[in-house]
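Student: This is what each chain is made of:
Protein chains: 2
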Amino acid sequence: MITLYSMPSSGNSYKVRLLLAKLGLPFRHVAAEAGSGVTQSPEFLARNPKGKVPLLELEDGRLLSESNAILLFLGDGTRYVPQGHYTRALVHSWMFWEQNAHEPSIAVRSAILTYEDRAHLRRPDVLDPLLEQGHRALQVMETQLRETLFLAGEVLTVADLCLYGYTHSAGAKGGFDMARFPEVERWLERVEADPGHVPITWLGDW
Amino acid sequence: MITLYSMPSSGNSYKVRLLLAKLGLPFRHVAAEAGSGVTQSPEFLARNPKGKVPLLELEDGRLLSESNAILLFLGDGTRYVPQGHYTRALVHSWMFWEQNAHEPSIAVRSAILTYEDRAHLRRPDVLDPLLEQGHRALQVMETQLRETLFLAGEVLTVADLCLYGYTHSAGAKGGFDMARFPEVERWLERVEADPGHVPITWLGDW
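Here the protein sequences come in this chain order: A and B.
The numbering used here numbers the first residue of the first sequence as 2 and each following residue consecutively.
The numbering used here numbers the first residue of the second sequence as 2 and each following residue consecutively.
One thing to keep in mind: the hints can contain errors.
Same chains, same names: a pair is fine if it fits in one copy or spans any two.
[What the hints assert, rightly or not] Derived EDC-like pairs: lysine to aspartate or glutamate, alpha-carbon spacing no greater than 16 Å straight-line:
hint	residue 1	residue 2
1	K174	E117
2	K51	E143
3	K51	E133
4	K174	D129
None of these hints come from the bench; they were simulated from the model.
Chain A on its own, in the form it takes in the complex (with noise of 0.2 Å):
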C-alpha cells in the first residue's frame, strides 16, 4: 500500500487527499500537523530533505514531493490528467502558475490567520500586499471561468483539485473577498459537486 504524509490542515496535502478519494486508491496515512515536529525528524528528513509534506511513499519505498507533481502522477491515464498535448499544458500551466502566484499569497495569508506560530505577521504590512496579491490571482480565475466551466476547458482536471486545494478556503481562512469573484464561487460549487468530492478533514478512514 502507498503512503502519503500530509498535513491535516493543508491544502497542498488536502489536494493529493481529494485526488486519492475520487480515484479510491487505499492509502497509509501520517499526520504531520503543523508544530507536530514530524517534517523535521531525522526520519522523515532522510526521505525528503526539504521537509515539507505532502510527501507519497511507494510500496517499494520510492518518494515523491511536490503535491502537484503528485497529482499529475496519481491522475496519470485517468479521467483527471488529459491525454491531448495542449490540453495537458494548459493543466500544467495552471499548476504552475498556482505555486508560484496563487499559493504564495493566498495559502501564505491564510497561514498567518490560522497559525498561532505565525501571529507575528499578523501586521498590515505584510497582510496587506498579500491581500492585493491573493485578489489579483483570484481575478485571473475569475477571467478563465468565465469562459470555462473548469480551469484547463470543460471538464474536471487536476488542474481543478490543485486550485480548489487553496481557493475554497480563501474567504473562511485568509479574509479574502469572494463575494468578487461570482465565477470562482459558482466554479468552487462545480468541483464539489464532481463524483468522489470529499472534505479536507478527510484523512483516508475508509
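Knowing the structure of chain A, use the given hints to seat chain B on it.
Tutor: Only chain B this time, still in chain A's reference frame:
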C-alpha cells in the same frame, strides 16, 4: 512558425529559449524587456491576462503561458522529458519546487539588485531573508547533486534547464555565495557542456 514573447534578461524566458535552441526549433522572437510596456499593452493582455512572459503562440494562434509548462510541452517526446512514469514525476517535482521555493528567492533577489525600478527594495529587511531562502534552496540542489549527475537522475532533463535559468546567475546577479555549493557549480558546467547550449543573450538569431 511559433512565436515566443520573452524577456531577454529573464531566467524564466531564458529557459524556454535554451530548450528551443537545443531542439533546433525556429521561432519568431518578440522581446518584452522589463520597462518596455510590452506585457501591459492591450494586444498582449488579450493574449495573456496575467501580463507575463514567456508566452508561446502556436502557428494556429493557441497560447501557452508559464515557462515550465512550455518546457514540458516543447520537450515532450524528446530526450529532455523522460518517458518513465516515475522519472517524469521527479522532473515535475523539481519544476514545481523551482516555482515555489527557488524562483521566489533567487530570481526575486536577483531582480531587486538588477532592475532600477526595484531599487527601493534594496533594504536588509527585504534582501537578507531572500539570501537565506535562496541559500536554503541551493542546499537542496547540492544535496541531490551529491547523489546524481543531474536533478532527476543521470541524464539532463527539462528540470535541469528549468533550474539552470536562474541558478547560473545566482552568484553574479543575486549575490548568493556559490562557493558553498560545489556540486551545484559542477552541475552548471555539465548543463553548459550539453549539446546546443546557448547563453542568456541568445534570442533566436539563426
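Student: For every hint, state whether the structure bears it out.
Tutor: Taking the hints in turn, this is what the structure says about them:
no., hint, verdict
1, K174 with E117, "within (13 Å within a copy, 36 Å between copies)"
2, K51 with E143, "between (33 Å within a copy, 12 Å between copies)"
3, K51 with E133, "between (29 Å within a copy, 14 Å between copies)"
4, K174 with D129, "within (15 Å within a copy, 29 Å between copies)"
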